[in-house]
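*Asks:* Protein chains in written order, with my numbering: chain A, 1 to 728; chain B, 1 to 115; chain C, 1 to 121.
Keep in mind that the hints were calculated from the coordinates and are not lab data. Computed from a predicted structure; not experimentally measured. Treat the hints with caution; some may be incorrect.
What the hints assert, rightly or not - The calculated label-pair distances, taken between Cβ atoms and stated as ranges, are:
#1 B/21 - A/210: 19 to 29 Å
#2 A/412 - C/28: 46 to 56 Å
#3 A/6 - C/117: 40 to 50 Å
#4 B/21 - C/117: 38 to 48 Å
#5 A/422 - B/54: 25 to 35 Å
#6 B/43 - C/92: 44 to 54 Å
Claimed, not checked - Far from chain C, by Cβ distances over 10 Å, these chain A residues were calculated:
#7 115
#8 392
#9 591
Don't be surprised by glycine CBs; every beta carbon is placed ideally from N, CA and C.
Residue-level listing of the chains:
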Amino acid sequence: MIDKFRESFKEEASELLAELETALLDLEASPEDTELIGRVFRAMHTLKGSGAMFGFDDIATFTHEVETVFDLVRNGVIPVSRELINLTLAARDQVKGMLQADEGTGTWDSAVTTEITVSLKKLAAGSIQADVNCQTGTEVTNSQVSSSESTLSGDELTTAKQFDPSSEGVTYRIRFAPVENIFMNGTNPVSLLNELRGLGHCCVVAQTRNIPSLTKINPESCYLFWDVVLTTTCGINAIQDVFIFVEDDCELKIEQMQVGTGDISGDYRKLGEILVERGDLSTEDLGKTLSGMKRIGEVLVESGLVTPDRINSALTEQNHAKLLIKERQSQEVAASIRVPAEKLDILVNLVGELVTVQARLSQTAALKNESILTSIAEEVERLTGELRDNALNIRMLPIGSTFSKFQRLVRDLSNELGKEVEMTTEGAETELDKTVIERLSDPLVHLIRNSIDHGVELPEIRTAAGKDRKGTVHLTAVHSGDSVLITIKDDGAGLDKDAIRRKAVEKGLIQENAEMSEKEIYSLIFAPGFSTAQKVTSVSGRGVGMDVVKRAIDALRGTIELSSKRGNGTTITVRIPLTLAIIESLLVKIGDDRFVLPLSIVDECVELSRTDIANAHGRNLASVRGRLIPYIPLRERFRVTGEVPDIQQIVITRIDGIQVGFVVDHVIGEHQTVIKSLGKMYKNIEGISGATILGDGDVALILDIQQLARREELAERLAGGHRELLAA
Amino acid sequence: MADFKVMQANGNESRVVTICGKLTIPHAQDIKVALIEVLAMTKHIELDLKEVTDVDLTGIQLLCALHRDTVNLKKKLSVSGNSNELFSDFSAASGFPRHIGCVAGEQCIWGGGGN
Amino acid sequence: MAKVIMTADDSASIRQMVCFTLKESGYEVVEAVDGKDALQKIGSRSVDMLITDLNMPNLDGLGLIRGVRAMPACKFIPIIMLTTESHDTKKQEGKDAGATGWIVKPFKPEQLLAVVKKVLG
Chain A
1 MIDKFRESFK
11 EEASELLAEL
21 ETALLDLEAS
31 PEDTELIGRV
41 FRAMHTLKGS
51 GAMFGFDDIA
61 TFTHEVETVF
71 DLVRNGVIPV
81 SRELINLTLA
91 ARDQVKGMLQ
101 ADEGTGTWDS
111 AVTTEITVSL
121 KKLAAGSIQA
131 DVNCQTGTEV
141 TNSQVSSSES
151 TLSGDELTTA
161 KQFDPSSEGV
171 TYRIRFAPVE
181 NIFMNGTNPV
191 SLLNELRGLG
201 HCCVVAQTRN
211 IPSLTKINPE
221 SCYLFWDVVL
231 TTTCGINAIQ
241 DVFIFVEDDC
251 ELKIEQMQVG
261 TGDISGDYRK
271 LGEILVERGD
281 LSTEDLGKTL
291 SGMKRIGEVL
301 VESGLVTPDR
311 INSALTEQNH
321 AKLLIKERQS
331 QEVAASIRVP
341 AEKLDILVNL
351 VGELVTVQAR
361 LSQTAALKNE
371 SILTSIAEEV
381 ERLTGELRDN
391 ALNIRMLPIG
401 STFSKFQRLV
411 RDLSNELGKE
421 VEMTTEGAET
431 ELDKTVIERL
441 SDPLVHLIRN
451 SIDHGVELPE
461 IRTAAGKDRK
471 GTVHLTAVHS
481 GDSVLITIKD
491 DGAGLDKDAI
501 RRKAVEKGLI
511 QENAEMSEKE
521 IYSLIFAPGF
531 STAQKVTSVS
541 GRGVGMDVVK
551 RAIDALRGTI
561 ELSSKRGNGT
571 TITVRIPLTL
581 AIIESLLVKI
591 GDDRFVLPLS
601 IVDECVELSR
611 TDIANAHGRN
621 LASVRGRLIP
631 YIPLRERFRV
641 TGEVPDIQQI
651 VITRIDGIQV
661 GFVVDHVIGE
671 HQTVIKSLGK
681 MYKNIEGISG
691 ATILGDGDVA
701 LILDIQQLAR
711 REELAERLAG
721 GHRELLAA
Chain B
1 MADFKVMQAN
11 GNESRVVTIC
21 GKLTIPHAQD
31 IKVALIEVLA
41 MTKHIELDLK
51 EVTDVDLTGI
61 QLLCALHRDT
71 VNLKKKLSVS
81 GNSNELFSDF
91 SAASGFPRHI
101 GCVAGEQCIW
111 GGGGN
Chain C
1 MAKVIMTADD
11 SASIRQMVCF
21 TLKESGYEVV
31 EAVDGKDALQ
41 KIGSRSVDML
51 ITDLNMPNLD
61 GLGLIRGVRA
71 MPACKFIPII
81 MLTTESHDTK
91 KQEGKDAGAT
101 GWIVKPFKPE
111 QLLAVVKKVL
121 G
């Protein structure tokens, strides 16, 4: 929006510069013409004021100098001279240059600006020395055009308005007594009271005791004054700012007061105390009155010690305190507490340790086979489970916050690309581990960018294809078991299978005659260095991106799948485990070593006998219910020595929609895995993503299934071998 | 200006005074004159405010002054039509609802502040 | 009914910005290009508030404020002046002429709205 104003400022400035030029030339002809001097001054003044408004600070600062000099000319301190006209014309050209530089059609030299400024100042100084009496000159020269100068800075105003009811704040007693003729300059005290209410919890009492009788009243005068009790977090400056326009037209008293802050067991103060503190009543009088046991307010009024007005005001203050204390108490009950994230991390780590110890306990109990120990172990197991779920749950946040960030992204991006895209979201309340959400944000941004850049077509193309001008990107998040499914669905052009294939061949990613399923072709776009964009845009198409997304999702132990229909759009599904700290996994054994695989990606386990292997004629393929599934013999991969059992097990996993088997000696069973990182030294070991401690204290390595499969695939491709390997 | 008008009519033992339109500062002089007139005329004023479309601090001040004068002169003032949104909003905004009337022993015409 | 605010400024871009900001917030806006224009327009229709620049041709801001205050219909309306100097002398001159408050240029739309709210309620 500000750009629009900048444009109209530039237009206006050109007009002003033209006007300035004419005025200066006329002025040269008739240097005594005050009307002309006024015109020059006003042109400079407007350039300065409006320039500063719309961000042309260099113009504002510069014209300020010229304006200063012309103020002196206007006041007759400096005469109009040829030199002055020359300098001002040069200044005018300089401003024009500054404007053109902003358009990108010219440049300006800051040295010239300085030169003109210095010469002008010299000119002014010369005259000022001649006229020592002139003070305005120096005063104005010292002033600077800067926003810090303004009394009402925007930041102050907006932050001052932000009242946070959850924090306690400070309570102030404010007496606002405007002068009688306050209405005469258009001030409405009620607006000011309303503004005070915006600062916090506020009680207002109008004091009427100065209202005279009808015959004496001047109906256009203000006889009222106000006592206000305000609890605010905004500080005393914010309160003073409310009265900034009337500070000379009112009696304003702002005092901080003590509300029962808990030291007197949260009690509010007695009416008498308030009156005494305000100086409306003396302690002795209070003492005397208290001996009679009527309600103190009535008694005081009856005895004429305090006027009803003052009692009212004090009562309001008391009520304010009552309400405040009540509010705080109810807040305490309903409150949520903020905890630093590190504390939660520590808690989750401790729970992890506990789960490990509990596993050991359960194992020991099972070995000893003592009923008492077993029942304790079971109890501990149950409690640990609950504790684990609760601890992990604390770290869960709704994914919605990231969604709203995407709305902005979609808006900016579609503008930039000249497309019309609307984003709809669903499941913003779906909860995910805090760290996961943080690490998920970038890949999702990339995917959405991609959908808009490559997927959704330009409005004309869409209309031609009989679609709505406006494309949609639908973002959903939904729970599915121990993971969250995030889908990004666009109704764009869909993926071009042939283009992807051509590109992949071109890039040497696949053989020209390779036989591939649709899914496999789609998954090629996740390969490093792949990009089908016709031209490189600022948004995507630099050839990095999808492979980075894939890696990021892998790092979260997630999977990514893609389906697409030419002309109808693309759906990308990302599956992310709920948490990174503790996972359900499958414990397997190869030789004497144990490994774990994330259970979420395991489809089934089948047996692999020696005859099966023999039947496959040396190819790593198993026939499962009539389908051929490629497998990776982990024993070979990890070079585990020793006797191969007669019957091995294939753990069939589903990675990005493609089934791959992993051959192990035995499948031990499900396991609660507390993930431990391998430390710096072993961070980059391929095929292993971490480790965990088993119930007996042994360490099991966590298999990085995705990486293993990818590596295998790569080896196959390099060998130019059979593409059947990954045929699903 | 047609923005403001005071109408009077005879009630049983009172004078019914209806204020219509804007009870605001541009009319404050006129309101004052009208109220002084009414005060001199009768012992019991029945003030009807339901036709009032706008009110500001000067209007409230004048009504307070009238109320006090009636109390001081031992006359009676009853006010109706002041419990609508216009008056309750304005009196709340300007801090008028109070616990005890400003004139000893009298109920405030702007209503008690409660509890 | 939307409140009517008049903006008097010889700078078209400032008028545009003030006008846009206020209309966005639901006010009705009347524009005037200088003091004389403003005084004429304000005489012919009712205005709830005036925002005026101080430096204007034909009739300057102070003259406009005095003129407006002399009109019975505008005796009590809020008047805000726009000034480039935060010097107290200018503010005082303005207040003496009958201005309710001031805004120091440059200002942001939020500041303008905050001040309008402060004086118009």
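*Asks:* Against the earlier hints, flag every one the structure doesn't satisfy and list their numbers going up.
*Replies:* Per hint list: 2, 3, 4 and 5 violated.
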